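Starting from the known structure of chain Y, fit chain L onto it as the hints suggest.
Protein chains in written order, with my numbering: chain Y, 1 to 115; chain L, 1 to 114.
Quick caveat, the hints were computed from the structure, so don't treat them as lab data.
Everything numeric in this text was worked out from a predicted model, so none of it was measured.
We put the beta carbon where it would ideally sit given N, CA and C, even for glycine.
Among the clues, some could well be false.
[Claimed, not checked] Simulated restraints, written as ranges between beta carbons of each label pair:
no., chain 1, residue 1, chain 2, residue 2, range
1, L, Ser80, Y, Gln80, 44 to 52 Å
2, L, Asp81, Y, Thr76, 41 to 49 Å
3, L, Lys78, Y, Asp63, 28 to 36 Å
[Claimed, not checked] Footprint (simulated), chain L over chain Y, 3 or more residues, beta carbon under 8 Å:
no., region
4, 45-52
5, 101-108
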Amino acid sequence: GAGVSQSPSNKVTEKGKDVELRCDPISGHTALYWYRQSLGQGLEFLIYFQGNSAPDKSGLPSDRFSAERTGGSVSTLTIQRTQQEDSAVYLCASSTGAAQYQPQHFGDGTRLSIL
Amino acid sequence: AQTVTQSQPEMSVQEAETVTLSCTYDTSESDYYLFWYKQPPSRQMILVIRQEAYKQQNATENRFSVNFQKAAKSFSLKISDSQLGDAAMYFCAYRSVYGNKLVFGAGTILRVKS
Chain Y
1 GAGVSQSPSN KVTEKGKDVE LRCDPISGHT ALYWYRQSLG QGLEFLIYFQ GNSAPDKSGL
61 PSDRFSAERT GGSVSTLTIQ RTQQEDSAVY LCASSTGAAQ YQPQHFGDGT RLSIL
Chain L
1 AQTVTQSQPE MSVQEAETVT LSCTYDTSES DYYLFWYKQP PSRQMILVIR QEAYKQQNAT
61 ENRFSVNFQK AAKSFSLKIS DSQLGDAAMY FCAYRSVYGN KLVFGAGTIL RVKS
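Only chain L is shown next, with the shape it has when bound in the complex:
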C-alpha cells in the first residue's frame, strides 16, 4: 500500500518570503499522480497543484511550484512571495493510476507572519 509522509507538522514564513513544504511517499508503481491541497479554516480542500509522475518537468501555478524528485520519491511544494491568505493546512496526496482514492499525508500547518 502507498503511504505519504509530511515530516513538518508546522512551518512559519514571513510575508513576501519563500517557504518549502516537504513530502515523501512510498510506492512500487512507476506511474501515478501527486497533488498538493490547501485547507483553510473554512475546511474546504482546495487543489493547489498537481504533477504527473511520467512528466519530468516540475509543475508550476503562479507563486506555487513543486520539486518532484521521482527517484527519491520526494514532492516538495515551494510557495514564493508568501501572502497572509496562504496560511492554511497543506496536504500532500498520492493517487495510483490503478486506484480510486487519494492517499493523504498528515498535513503541515503553514503560518504566515506579517
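Chain Y extracted, bound-state conformation:
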C-alpha cells in the first residue's frame, strides 16, 4: 500500500549543475503532477501527465525544466543549469484518473538547494 514515492529526499548541488528528481506514483494511478513550493509559499503547478496523452507543460517556468514519464509510471523532472531561484521543494502527486474531482495524493517532496 505504498504512497507516492519521491527521491532523493534532499538534494544539494552547485549552481550550473543539472539535477534529476524522481517520482514513483501510486500503482494504477494514471495521472501524475509536479508542483514546486518555494519557501513559505503555496504550490505552483509545473506539469501534468495523463496516460499516453501529450503532457500539459504550461507551468514549466523555463526551457531549463523538462519532465518525462516512462511506461506510464515513473516520472523524472530534470532541471538543467540550475540557478539559485530553483531552490524549492518539488512535490509530485498522482491520482486515479483525469477527472477533476479525483483527489491528488502527494509524495513527501524533494528539497532542492542550489549553492
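Chain L in isolation, oriented as in the chain Y frame:
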C-alpha cells in the same frame, strides 16, 4: 485565471477548541472543485476535505467541516475539538472542471496550544 486567497498567515487555537480558517477565490466558472490540504512538517500534503461547487450541502469529514458560500466565493474550514496533531500548514486549493492543475492559496499556519 483563477486565484485563491488565504488572508490569515497564522492562526492559533487552544486544544479542544474550534478554529476557522478562511479562504476566498476568484473565478468566472460556475462549476469547479475546492479542496483543503494539510501539510505537517513532514512536507507531505494530506487531503482534508473536498467540495463540489454544484453541491449546496457543506462537506464534512469527522471534526472537519466547510462553510461553502458560492455567491461570496468563500470556502472556510472549521476544525472542531482541535488536537495537537492538527498543527500544520493548511492550504486551500481550486480546480477547474476544465483544467489539469490545482491552484493553491499561500497557506495558513495553524498552531495548537496545549
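Comparing the hints with the structure gives:
1. In this structure, serine 80/L and glutamine 80/Y meet the distance hint of 44 to 52 Å, their C-beta atoms being roughly 48 Å apart.
2. In this structure, aspartate 81/L and threonine 76/Y meet the distance hint of 41 to 49 Å, their C-beta atoms being roughly 43 Å apart.
3. The hinted window of 28 to 36 Å between lysine 78/L and aspartate 63/Y is violated, with their beta carbons roughly 44 Å apart.
4. Remark: the region 45-52 of chain Y is confirmed as covered by chain L, as 3 of its residues place a Cβ nearer than 8 Å to a Cβ of that chain, reaching the required three.
5. Check result for the region 101-108 of chain Y against chain L: holds, 7 residues qualifying (beta carbon to beta carbon below 8 Å, three or more required).
Hint 3 from the earlier list is the only one contradicted by this structure; the remaining hints agree with it.
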